[in-house]
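J.: Sequence:
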Amino acid sequence: MTGEKPEPAPRTGAQAVVADALARTGVHPKVVETDPARRPDVLFRKRKADGEVVSSWWMIGAFVAVSGVAILLFRFIPGG
2 MTGEKPEPAP RTGAQAVVAD ALARTGVHPK VVETDPARRP DVLFRKRKAD GEVVSSWWMI
62 GAFVAVSGVA ILLFRFIPGG
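In our numbering, the protein residues as written are 2 to 81.
Source of the hints: derived by calculation from the structure; they are not laboratory data.
Note that the structure is predicted; figures quoted are calculated from it, not measured.
Accuracy of the hints is not assured; some may be wrong.
What follows is a list of derived Cβ distance ranges for each label pair [to be verified]:
1) L44 / E5: 51 to 61 angstroms
2) M60 / A20: 33 to 43 angstroms
3) V54 / G27: 39 to 49 angstroms
4) V70 / A24: 18 to 28 angstroms
5) K47 / A20: 45 to 55 angstroms
6) V19 / P79: 49 to 59 angstroms
7) A71 / D42: 21 to 31 angstroms
8) D51 / P79: 49 to 59 angstroms
C-beta atoms are modelled at their ideal positions from N, C-alpha and C, and glycine is treated no differently.
Build the full structure now, drawing on both the sequences and the hints.
T.: This is how it looks when you write it as structure tokens:
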């Protein structure tokens, strides 16, 4: 490495709109980097080591559970 600063990730959506508006007005607020796993709008996300993946059995179990609940709820619908 030659000591160059890495490029920040491109901003999309609301981040891009706010960044564009701030750039036009000349206001530069203090930028605080937040860990995506700690965002308040994310309920069940947790930090994993690089390369760690979720077991496929969790996805299979979730599918079986959701399917079972759907079948159970359909039993309450009257029909012929």
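J.: Each hint should be assessed against the structure and marked as holding or not.
T.: Structure-based check of each hint:
no. : hint                          : in the structure
1   : L44 / E5: 51 to 61 angstroms  : violated (38 angstroms)
2   : M60 / A20: 33 to 43 angstroms : holds (36 angstroms)
3   : V54 / G27: 39 to 49 angstroms : holds (44 angstroms)
4   : V70 / A24: 18 to 28 angstroms : violated (48 angstroms)
5   : K47 / A20: 45 to 55 angstroms : violated (28 angstroms)
6   : V19 / P79: 49 to 59 angstroms : holds (52 angstroms)
7   : A71 / D42: 21 to 31 angstroms : holds (27 angstroms)
8   : D51 / P79: 49 to 59 angstroms : holds (53 angstroms)
Hint violations for this structure: numbers 1, 4, 5, all remaining hints satisfied.
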